[in-house]
Amino acid sequence: MTTQEEQTRAGLRFPAGFAWGAATSAYQIEGAVTEDGRGASIWDTFTKTPGRILNAHHADVAIDHYHRFRDDVRIMADLGLSAYRFSVSWPRVQPSGSGRINAKGLDFYKKLTDELLRNGIDPWLTLYHWDLPQELEDQGGWPNRDTAYRFAEYAAAVHEALKDHVHTFSTVNEPWCAAFLGYASGEHAPGRREPQNAIRGAHHLNLAHGLAVQAMAARRVGGCVNLYAVDPATDSVADLDAARRIDGLQNRFFLDALLLGTYPEDVLADLPVEIDFIEPGDMKIISAPIDVLLVNYYSRFTVSGAPGGRASAAAAPTDSASPWVGSEQVSFVNGGRPVTAMGWEIDESGLVEILTRVARDYPPIAMVVSENGAAFDDVLVDGRVHDRERQAYVEAHLGACKEAIDSGVPLEGYFAWSLMDNFEWAWGYGKRFGLVHVDFETQERLLKDSALWYSEIIRQNRRHEPTDS
1 MTTQEEQTRA
11 GLRFPAGFAW
21 GAATSAYQIE
31 GAVTEDGRGA
41 SIWDTFTKTP
51 GRILNAHHAD
61 VAIDHYHRFR
71 DDVRIMADLG
81 LSAYRFSVSW
91 PRVQPSGSGR
101 INAKGLDFYK
111 KLTDELLRNG
121 IDPWLTLYHW
131 DLPQELEDQG
141 GWPNRDTAYR
151 FAEYAAAVHE
161 ALKDHVHTFS
171 TVNEPWCAAF
181 LGYASGEHAP
191 GRREPQNAIR
201 GAHHLNLAHG
211 LAVQAMAARR
221 VGGCVNLYAV
231 DPATDSVADL
241 DAARRIDGLQ
251 NRFFLDALLL
261 GTYPEDVLAD
271 LPVEIDFIEP
281 GDMKIISAPI
291 DVLLVNYYSR
301 FTVSGAPGGR
311 ASAAAAPTDS
321 ASPWVGSEQV
331 SFVNGGRPVT
341 AMGWEIDESG
351 LVEILTRVAR
361 DYPPIAMVVS
371 ENGAAFDDVL
381 VDGRVHDRER
391 QAYVEAHLGA
401 CKEAIDSGVP
411 LEGYFAWSLM
421 DNFEWAWGYG
431 KRFGLVHVDF
441 ETQERLLKDS
451 ALWYSEIIRQ
461 NRRHEPTDS
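Last residue of the sequence shown: 469 (the UniProt record's numbering), numbering continuous.
Because the hints were derived from the structure by calculation, they are not lab data. A portion of the hints provided could be inaccurate.
What the hints assert, rightly or not - Here are the simulated DSBU-like cross-link-like pairs (lysine-lysine), alpha carbons at most 30 Å apart as the crow flies:
#, residue 1, residue 2
1, Lys110, Lys163
2, Lys48, Lys104
3, Lys163, Lys104
4, Lys284, Lys163
5, Lys163, Lys111
Stated by the list, open to error - Derived DEER-like restraints, expressed as beta-carbon distance ranges:
#, residue 1, residue 2, range
6, Arg360, Gln214, 39 to 47 Å
7, Glu444, Ala238, 28 to 36 Å
8, Pro289, Gly17, 32 to 40 Å
9, His165, Gly37, 16 to 24 Å
For glycine and all other residues, C-beta sits at the position ideal for the given N, C-alpha and C.
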């Protein structure tokens, strides 16, 4: 080990009990889309629609986690993970999205969580990571208020089955993406371009969160939001207003709802829709007390009110519209930072900014960084992936976590995205986020250099933790 490596690892010392994790989602890794009674999801339909996914890829097999989960848990154990964040496939557990529960579907997650616990890994369960049962979409999807109530019933069933296996449940992963990429831009399933319904969907996703919190009465429950630091390109009035708008729809629309029980008045004023879908009592339900806020962070936005920039932070791989309902005129510009293979700017200071902002501006709440990672153009050479860029990315963002903790932020864990290369939504298998390389033809797993480095950081930290006697 070089002196520089020793200094790096010495600087990344975290409090005892800090959760060292990695994350995945069901549709991106499981495969087995027709096995053991699983119903169809909107992503099954979307991926089979021509032109929706780069190279016409789909996730019928994905990385075959459904059949290889024990091997994958062994990889987690070998890495030294203390926690693993995964999602449950709603159509695997409840094929039609209502009514009958599929016992075989629940049994898979019982076996998965048992295996995690046997290996000393804490399961962090996410109830929804975008795979809505197709039958519910046929009835209107998230713009239909009834979907939120169906979600609460599903949440209660999962909680009842797995409450003895899982300590921390979270509700909806990144409701911004589910609403605005699914129903405004059309980049994600179900591929609709209906701005008014995107706003309705966003509210109903928030409502689903609150109803699920109430239905589960879990020991520890959280909500998950994807947050971005947002900068104006200049200090012009137009650019400052652009930053306010994007910050409002991306960050405050969800943070204020979950933690304050309100929607920001300026954001509602930006929206070109009649706000007739918020019913009495909704905001109280949405802001039902939670125990932990899961924060997904990847990048910083630089925006302008002047024309000429991109319609979003990075180009989509397929034809799509703007997701920024009411602010379609805002341009995204290059802030002068290095970018990942997704075109996302790398800026760890934005993570410090986001975490300290939540701690400062909202009621006290424990937090974890529930997703953080980067896609790069990995190259497999002589049985190794020397992904120095990914290692540097994770190292910088762990440093940001440490800085936030040292400033008083109650940050309790970090989950790298992603544990393994997988199906990257509209990009198909064209972008790799994993710490673990996956050969999509053979399903062979291989630890990248970043995984080995992360494992050593975990080992150095966990060796100082007290052990049960």
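Now for the hints, and whether the structure bears them out:
At most 30 Å may separate the alpha-carbon atoms for a hinted pair to count; Lys110 and Lys163 meet this at roughly 10 Å. Of the pairs offered as hints, the one joining Lys48 and Lys104 holds, with about 25 Å between alpha carbons and a cut-off of 30 Å not exceeded. The suggested pairing of Lys163 with Lys104 holds, with an alpha-carbon distance near 17 Å, which does not exceed 30 Å. About 25 Å separates the Cα atoms of Lys284 and Lys163, which keeps this hinted pair within 30 Å; it holds.
Taking the CA atoms of Lys163 and Lys111, the gap is about 14 Å. The hint holds against a cut of 30 Å. Between Arg360 and Gln214 the CB atoms are about 28 Å apart, so this pair departs from the stated range of 39 to 47 Å. Look at Glu444 against Ala238: about 52 Å separates their beta carbons, and that is not inside 28 to 36 Å. For Pro289 and Gly17, the hinted distance range of 32 to 40 Å is not satisfied, since their beta carbons lie about 22 Å from each other.
Hint check: His165 to Gly37, Cβ distance near 20 Å, so the stated range 16 to 24 Å holds.
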